[in-house]
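Novice: So the protein sequences, as listed, match chains A and B. Sequential numbering from 0 applies to the first sequence in numbering that gives the first Met the number 0. Sequential numbering from 0 applies to the second sequence in numbering that gives the first Met the number 0.
Check the hints yourself; a few may be wrong.
The list treats identical chains as one, so a pair stands whether inside a single copy or across any two.
[Unchecked claim] In silico DSS-like links for lysine-lysine, alpha-carbon gap of 27 Å or less:
| hint | residue 1 | residue 2 |
| --- | --- | --- |
| 1 | K86 | K28 |
| 2 | K91 | K140 |
| 3 | K140 | K108 |
| 4 | K140 | K28 |
| 5 | K28 | K83 |
Think of the hints as simulated: they come from the structure by calculation, not from any bench. Since the model is a prediction, treat every value here as computed from it, not as a measurement.
There are 2 protein chains.
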Amino acid sequence: MHTFFEYNWQVRDEWFTWCNQLTTEELLKYRIGGVGGILYTLFHVIDVEHSWLRAIVGKDDLVVPFAEYDTLEGIRFLSDTYRKEIKEFLPKILAESTNQLVTVAWDEKNYRKNDILHHVIAHEIHHIGQLSVWAREVELKPISADFLGREFTSMK
Amino acid sequence: MHTFFEYNWQVRDEWFTWCNQLTTEELLKYRIGGVGGILYTLFHVIDVEHSWLRAIVGKDDLVVPFAEYDTLEGIRFLSDTYRKEIKEFLPKILAESTNQLVTVAWDEKNYRKNDILHHVIAHEIHHIGQLSVWAREVELKPISADFLGREFTSMK
């Protein structure tokens, strides 16, 4: 499971670099599908990952307004900050029981920890697929989504 | 790992049902991004999954021309046929060593079985993200990519 997180983080970082080719206006421009834009997609996957993983370890939900981070530098800072925090507790999450029930701040249900991990992983890959279409729309080559051919460093 | 396969198959089947809303012409129409069209995307994820998984169990690569299956019924038939075959050997793949080295017909490299499984899973989720953008372009609601909230039956 941890390899999927490493994959998502590596692909996300490559998209950050890719974003340097576009102006902030292009990054913020409304686009059809998904959550409606390149930078907001990156914000959304970062926020969703952070919220769900914090819920697993019993931390409260931090609601962060997009408007405070709506530049490439801002989103990258948010991603780096959250990732540093996540790296501290993810090994523990992955090592312990997969069936733990998790309560969250944003609805009344209980979720199985293992389902949350699957959800967070699939969520980011899905949204990155949307970025790849928008990349072609602005006539740029998207970042490869291939899992094979990547080298992963241990997250520890 | 098997839950990601069940997830992909369930989402894929929901996209097949979704496709009934479109004409064959719309399904075959060239679209920007990915492999360039809705039906061809579904063909591509089916073909890639089947080829890599067959390689793991030492079966030869079956090269199937898209032109032979280029209707919704044709693609669905291909998906059902391949899935039936995959379901026979996937439990064995998932139960055995993850570090097995696999050779494939389409290049000279060796691949780690576990990497192939990650690759195949991420590959489909990524391409399905592209379908979701094209769905909005034709003003239809895409299939939900949410992992949470789904019920999975055992693949056995």
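Novice: Each hint: holds or not?
Specialist: Status of the hints after comparison with the structure:
no.: 1; hint: K86 <-> K28; in the structure: neither (32 Å within a copy, 44 Å between copies)
no.: 2; hint: K91 <-> K140; in the structure: neither (37 Å within a copy, 38 Å between copies)
no.: 3; hint: K140 <-> K108; in the structure: between (41 Å within a copy, 25 Å between copies)
no.: 4; hint: K140 <-> K28; in the structure: both (18 Å within a copy, 21 Å between copies)
no.: 5; hint: K28 <-> K83; in the structure: neither (29 Å within a copy, 44 Å between copies)
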